[in-house]
Each structure stands twice: as C-alpha cells, then as structure tokens.
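> Residues per chain are reported as follows:
Number of protein chains: 2
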Amino acid sequence: MSVMRYRAVVDVLLKRSILDPQGRAVEATLRRLGNDNVSDVRVGKRIELVLEGERAEVERQVREIAEKVLSNPVMEDVEVSLEEA
Amino acid sequence: MSVMRYRAVVDVLLKRSILDPQGRAVEATLRRLGNDNVSDVRVGKRIELVLEGERAEVERQVREIAEKVLSNPVMEDVEVSLEEA
Numbered sequence: 004m005s006v007m008r009y010r011a012v013v014d015v016l017l018k019r020s021i022l023d024p025q026g027r028a029v030e031a032t033l034r035r036l037g038n039d040n041v042s043d044v045r046v047g048k049r050i051e052l053v054l055e056g057e058r059a060e061v062e063r064q065v066r067e068i069a070e071k072v073l074s075n076p077v078m079e080d081v082e083v084s085l086e087e088a
Numbered sequence: 004m005s006v007m008r009y010r011a012v013v014d015v016l017l018k019r020s021i022l023d024p025q026g027r028a029v030e031a032t033l034r035r036l037g038n039d040n041v042s043d044v045r046v047g048k049r050i051e052l053v054l055e056g057e058r059a060e061v062e063r064q065v066r067e068i069a070e071k072v073l074s075n076p077v078m079e080d081v082e083v084s085l086e087e088a
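Protein chains in written order, with this note's numbering: chain G, 4 to 88; chain W, 4 to 88.
Treat the hints with care, since some could be wrong.
As the list makes no split between identical chains, a pair holds if one copy fits it or if it spans any two.
Stated by the list, open to error - Calculated pairs, SDA-like style, for lysine to any residue (alpha carbon to alpha carbon, straight line, at most 25 angstroms):
1. 71 - 9
2. 48 - 6
3. 18 - 43
4. 71 - 43
5. 48 - 10
6. 71 - 40
7. 48 - 81
8. 18 - 59
Calculated directly from the structure, the hints in this document are not laboratory data.
Input sequences plus hints: build the corresponding full structure.
Right under this line is the structure:
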C-alpha cells in the first residue's frame, strides 16, 4: 500500500444519442476546407490531473470525481485512465 | 492501398508553459470538495473524427487538420492517434 503519484486522464464526451453542435460545426468547416472523407466529428473535454495516494483508493477517487464533478451523467459519457506519474 | 475507415482522436492541451485558468479553477473546486491530494489539473479538448482512405494518407491528413485547424500551435500542444473504425 505505497503512496505514489498517478496521472489520471478523464475524457468527457456527449452521449452518442445527443446532438453535438460543436462537432457538427467542426465537421462542416473541415468539409468546406476540402476534407470530404471526414464524418462523425465529436468534440469533448480532456481533463488531466495528478493524484497522490494508494492505487486502489486513487482509482476510486478519480472515478467519483469524473462522474460527479467533471461530467454530467445525464448527457455525457466519461472515461478514466490512470498511470504512474 | 485499401480504403478503410479510421477513427482518429485529437487531444489539444495548452502548452505547459502557459497558465491554464480553467484547470486552476477545476483544481480549486476539487480541493474545496476535500480532494487535497489533487494537483496539476489541466483542461483541454478531445476531438474524435472518422476518416475514410488509405492509412498513410489519412495519417498525414489528420495530422495537418490537427495542427492547422483544431489547435493553435503557438499556445497548444496536439496529439493524434488513429485506429481502424
């Protein structure tokens, strides 16, 4: 149970069933610029943070932060990854 | 040279040397909520897109899109990854 530093990455994207206006705007721009092979553009957030602690506890904590603070579970999906910093 | 569908992920974050006010605000909030083991919070964008084409050409194209359209190279770092969709 050693205390370590971990780098967590939290990716937050709108659920697939919800219209993503920012993604649509980027897609329209890319196509206007000639990228007509581009589709399904989605724009979300990437949050990086460093946490100190014991791995299992840090995993639990960052998942709670991701679901309760950094995302809106009604509209957004969230993915968490963790590595030693 | 087969035509395939690829899913690209473009992560855009402010360069380390540039103050990230949104990250600072999130960090202050997390600490106020009792997460005093959290530091170095950074907030960026994650853009997902699907491209059709031949792999080498799609790689070149998505890198150009990432650097010229989706990020500001003066202030931001960008990372690209690609996988078969």
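> Take the hints in turn and mark each one as holding or not.
Now for the hints, and whether the structure bears them out:
| no. | hint | verdict |
| --- | --- | --- |
| 1 | 71 - 9 | within (20 angstroms within a copy, 32 angstroms between copies) |
| 2 | 48 - 6 | neither (28 angstroms within a copy, 30 angstroms between copies) |
| 3 | 18 - 43 | within (13 angstroms within a copy, 27 angstroms between copies) |
| 4 | 71 - 43 | between (27 angstroms within a copy, 19 angstroms between copies) |
| 5 | 48 - 10 | both (16 angstroms within a copy, 17 angstroms between copies) |
| 6 | 71 - 40 | between (37 angstroms within a copy, 17 angstroms between copies) |
| 7 | 48 - 81 | both (10 angstroms within a copy, 13 angstroms between copies) |
| 8 | 18 - 59 | neither (28 angstroms within a copy, 30 angstroms between copies) |
Checked against the numbered hints listed earlier, the structure breaks hints 2, 8; every other hint is satisfied.
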